[in-house]
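Place chain Y on chain W using the hints.
There are 2 protein chains.
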Amino acid sequence: MIDFNALLKISYGMYVVSSGNKDKKNGFICNSVMQVTAEPAQFAVCCNKNNFTAGIIEKTGSFSISALQKDTSPEILSKFGFKSGRDIDKFKGLDLKYGDTGVPILLSDTVAVIECKLKQTIDAGTHFIFIGELISSEIINDSAEMLTYDYYRNFKKGFTPKNATTFVDKSKLTQVIASEVFQKYKCTVCGYIYDEAKGDEPEIKAGTTFKDLPDDWVCPVCGAPKSDFIKLQ
Amino acid sequence: MIDFNALLKISYGMYVVSSGNKDKKNGFICNSVMQVTAEPAQFAVCCNKNNFTAGIIEKTGSFSISALQKDTSPEILSKFGFKSGRDIDKFKGLDLKYGDTGVPILLSDTVAVIECKLKQTIDAGTHFIFIGELISSEIINDSAEMLTYDYYRNFKKGFTPKNATTFVDKSKLTQVIASEVFQKYKCTVCGYIYDEAKGDEPEIKAGTTFKDLPDDWVCPVCGAPKSDFIKLQ
Chain W
1 MIDFNALLKI SYGMYVVSSG NKDKKNGFIC NSVMQVTAEP AQFAVCCNKN
51 NFTAGIIEKT GSFSISALQK DTSPEILSKF GFKSGRDIDK FKGLDLKYGD
101 TGVPILLSDT VAVIECKLKQ TIDAGTHFIF IGELISSEII NDSAEMLTYD
151 YYRNFKKGFT PKNATTFVDK SKLTQVIASE VFQKYKCTVC GYIYDEAKGD
201 EPEIKAGTTF KDLPDDWVCP VCGAPKSDFI KLQ
Chain Y
1 MIDFNALLKI SYGMYVVSSG NKDKKNGFIC NSVMQVTAEP AQFAVCCNKN
51 NFTAGIIEKT GSFSISALQK DTSPEILSKF GFKSGRDIDK FKGLDLKYGD
101 TGVPILLSDT VAVIECKLKQ TIDAGTHFIF IGELISSEII NDSAEMLTYD
151 YYRNFKKGFT PKNATTFVDK SKLTQVIASE VFQKYKCTVC GYIYDEAKGD
201 EPEIKAGTTF KDLPDDWVCP VCGAPKSDFI KLQ
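As you go down the protein sequences, you meet chains W and Y in turn. Residue 73 in the numbering used here is what sits at position 73 of the first sequence, and the numbering runs on without skipping anything. Residue 207 in the numbering used here is what sits at position 207 of the second sequence, and the numbering runs on without skipping anything.
This is chain W alone, in the form it adopts within the complex:
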């Protein structure tokens, strides 16, 4: 028996994994990051083969990991999680630096950064596992708490992109039965669903209808305005 709800009991942080150089660079939101050895310190990151960043890591042989802070802006979660670097420059307007290997390292909304030189590329099917050796690391903001995947899903009600290692079709998860009196509205930018039965706590109380939301309310995940929402049937 497979219960996909059990897979949600694996804990992760939330990171932006970046690669490239000053001329060409990209990054993506990644939760599948872990240290794999201590001496020397090596880290593994999972990257969908379709991600624009995958080819850049293979070509340049280095990547960086920016551990995101708990109150990371919707702008960063939206750009790095749901948009492609083939279409936009995700780093535009954000703080970044370049590491010893020349790799871009996101600094905005970041607790700590780790720079790695690629040592092994593992083919795991839909994803590559890139294993890199630690080149440099630095605390950027020691007073900020780390953003965990659990917090992102349960408190920010954030969605998981289809390219993520942990994507699960919602139909496979146990449904929470909400009152049928309330409607749901979907953000067409990132897929977030505003459920009137649940509201957008703590600011927007459970039971607040979509039309009663303030005009300046925006999608808590990607920052899209109310006009980007459609009503679900």
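Hints are not guaranteed to be accurate.
Pairs count within a copy or across copies, as identical chains cannot be separated in the list.
[As the list claims (entries may be wrong)] Think about it this way: if two alpha-carbon atoms lie no more than 27 Å apart in a straight line, the pair counts; the simulated DSS-like pairs of lysine-lysine are:
| no. | residue 1 | residue 2 |
| --- | --- | --- |
| 1 | 119 | 172 |
| 2 | 184 | 119 |
| 3 | 117 | 172 |
| 4 | 226 | 24 |
Derived by calculation from the structure, the hints in this document are not laboratory data. These numbers come from a predicted model, not from an experiment.
Chain Y only, in chain W's frame:
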């Protein structure tokens, strides 16, 4: 520049990874666990090559992951984290079951379990990365919170075994300067250090001397009695 404090900003859960069968079985505490693909669902676990469990996973071709709950007993943390299955039967007296592949699966103090069939073994130097495909998964205790590595380190003041991927020599970390009036005592079983300046919050207030600890106080990590502690110079 490498700041090893930055490496502590990677988030993990805490798991017991087990392998074997009814006759021969073992497991170890592991924080380096992550999902690496969604379709099919595959998981990676890191295991020191010296761990007794490493050889058992290679031989039997399967492993299980038990996601530990926040209030996991010191007995489980001590046995699976700091003792070797070459010396003791770690499962003795604990709840367990056997999966479809015959692998032992720890159920005590467990939130959810995942059973995997080994697909790839990656040599990462000191550690193997075992990649397994999901065979079965189940929620064991949905009301329990998950134990995170961050909570284990910062609130339970737990130590990291030398075989772990995230082991860092304390000398590499920024020291917190405590008042020199207070002494420190080390648990000879697991390495936990009772620092009089910090106490053992919330029960034992900061500033409580070792001799003023209740006689029935035990090591918060492994449960060893006061008599197993030695004073540090």
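How the hints compare with the structure:
1. Only between protomers do residue 119 and residue 172 lie at most 27 Å apart by alpha-carbon distance; the minimum there is 24 Å, versus 36 Å within a single protomer.
2. For the homomeric pair residue 184 and residue 119, neither the shortest alpha-carbon distance inside one copy (46 Å) nor that between copies (41 Å) is at most 27 Å.
3. When the C-alpha separation of residue 117 and residue 172 is checked against a cutoff of 27 Å, the pair qualifies only between copies, where the shortest distance is 21 Å, while the shortest distance within a copy is 38 Å.
4. Within a single copy, residue 226 and residue 24 get their C-alpha atoms no closer than 34 Å, and across copies no closer than 59 Å, so neither meets the 27 Å cut-off.
Comparing the model with each numbered hint stated earlier shows that hints 2, 4 do not hold.
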